[in-house]
Amino acid sequence: MEWFVMGGVEELIKAHGELEKEVYLDFENSSPVPGEIVEVMLPYFNKVAYGNPTLTHKPGWEAYEAIWKSAEKVAGFIGAREPEEINFTPGETEANNLALIGAALKQKKNGRKIIISEIEPLSVLHVCRMLESYGFVTVKVPVDEEGIIDLEELKRVADREVILASFMFVNNEIGTIEPIKEAVEIVKDRSPESLFHTDASDAYGRIIFDVERLGVDLATISSYKILGPRGVGALYVKSGVSLEKILEGQFGTQRLWPGVENTPLIVGFAFASEKAFTNFERNIAHMRHLRDKLIDGILNGIDETLLNGPKGDRRSPDNVNVSFLKCEGESLTVELSLKGVYVSSGSACTRRILQPSHVLLAIGRKFEEAHGSILMKVTRYHTDEDIDYVLQAICESVARLRTIYGSMGG
Amino acid sequence: MSRTPLPYSPKILELFRNPKNLGRMENADASAVAGNPACGDMITFYLKIGEGDVIEQASFESYGCAANIATSSILTEMVKGKTLREAWEISWKHVAEEVGGLPSVKFHCGVLAVGAMRRAIRDYYRRRGEMPGWIPEEPTFEEKQALEEEELAKRLAKRIGGGT
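Protein sequence lines correspond, in order, to chains A and B. Reminder that position 37 of the first sequence reads as 65 in the working numbering, one-by-one numbering, no gaps. Reminder that position 40 of the second sequence reads as 542 in the working numbering, one-by-one numbering, no gaps.
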């Protein structure tokens, strides 16, 4: 029987033919690394610093120096006091796992209660579900229709039993900038010994923040989300805060993550950070302009569309998330791919089970609205022409898919 | 909610780009819907039935992923020229085979397409008041699955309160 397939997709790629133009907007899920960042990383694979940074020879010390300098840079960009507070991990998922499991295990003598929001990433939600099976209790704070966490509800549920709270700084799907400082004050006021973690992966490089002023104990940042290489991220751990390790093995420069450090990726991450913070105001203004051009172009140009998440300054400068009724998101991503426009969808059809994006459901979107959503992120490298091309591709694609929908539902 | 790779066959992509027999059929002798937009999957299947219960024409409308569109479209091709009894015998596995295989998470697309077709045939005979013996009283696997998917969407919508 040939009804099951799990094979190569060469034909699928070939079917795209010669594309007139390609615009990649799926920066939520991965990122091409700009040439200048690749250039900086290349020597670290085989020219310098290819040694193990814990060893007593020149290539080892070079690696140590490269990692130390990288940690210094990253620490500076988030307002950390010491480079030692930056713990490089293989990515956002690993940093979130380390933060939550490491904090919960360390704090379990003080209590079992963990507070998160309904719109956390899966590397927080699913870790909490796992922790629940070991006796921890998770309380989820709801969000309003723009995705802002309900601080009144947080005041109600935060008590001295809380050992850990984790709230995203900027929501990865709908771009909502959360009131983290206020949330920290509420939680610390009621449970001074508790730890506060924020996944700041979508805030880093988009809004200026200072971990000391925010008052957080732990913060996750990710490399590919600022156009750096995949496979590296970091967990900020405030001096004096102690976490249990979650992996065992040979520890080196990274006191919370074992294994040989990946120097080229760490260097790439630090350089990508530098680039993100160079001409920062100008780049952010450019991204806001492109973001709003894309949002307005869709909402004004296509009927039966909805913006997911807030508008203006309360939204991350790069995030565009819209829902199209009568047009399913997965088929829209395929149709757009054939036109050289690469986006992702909150539709259940791109996932293993029937349920679409939990973030869109949490802000009150109906199922059919969530199934018809697409997520795009603009960068400083995009141009007005790119957005014009994307808008035209989206208009054509939605129109064609709506002819397939036809007359259903009246 | 984790994602899964979707290595679509060239046939699925071809039918997605150029679906055959697309669109509402105004003079249909039978039609049925399976799924709903809340499931992220909905198909309407139309049949034009001629003498000897032979399917002269079939068409579809669809809301769903590329596999949903492709499986619906291929089924309209597969049933054309067949008697209703022959069409009834087509299973979701035949449909999956015909589109060059489906990724496992997309099996339900083929199931939903067959579910819609069988509902249309069942309804056709019900309206004529003469249910043939080869149509089982109990809904078949594909019809049951369509119903279950619709009910699951309703339950999830209630539980999660996905909007008003």
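Fair warning: there could be bad hints in the mix.
[Said to hold, decoys possible] Below, simulated DSSO-like cross-link-like pairs (lysine-lysine); rule was C-alpha separation at most 30 Å, straight line:
1) A/Lys168 x A/Lys266
2) B/Lys513 x A/Lys49
3) B/Lys513 x A/Lys183
4) B/Lys582 x B/Lys513
5) B/Lys595 x A/Lys339
6) B/Lys522 x A/Lys49
7) A/Lys394 x B/Lys656
8) B/Lys522 x A/Lys101
9) A/Lys183 x A/Lys168
10) B/Lys656 x A/Lys168
11) A/Lys42 x A/Lys168
12) A/Lys42 x B/Lys656
13) B/Lys656 x A/Lys367
14) B/Lys660 x A/Lys339
15) B/Lys660 x B/Lys513
16) B/Lys522 x A/Lys354
17) A/Lys97 x A/Lys367
18) B/Lys660 x A/Lys42
19) B/Lys660 x A/Lys273
20) A/Lys75 x A/Lys209
21) B/Lys646 x A/Lys183
22) B/Lys660 x A/Lys168
23) A/Lys394 x B/Lys660
24) A/Lys42 x B/Lys595
25) A/Lys101 x A/Lys136
26) A/Lys134 x A/Lys101
27) A/Lys136 x A/Lys183
Keep in mind the hints are simulated off the structure, nothing from the lab.
Ascending list of hint numbers which this structure does not respect: 3, 5, 8, 11, 12, 13, 15, 17, 18, 19, 20, 21 and 25
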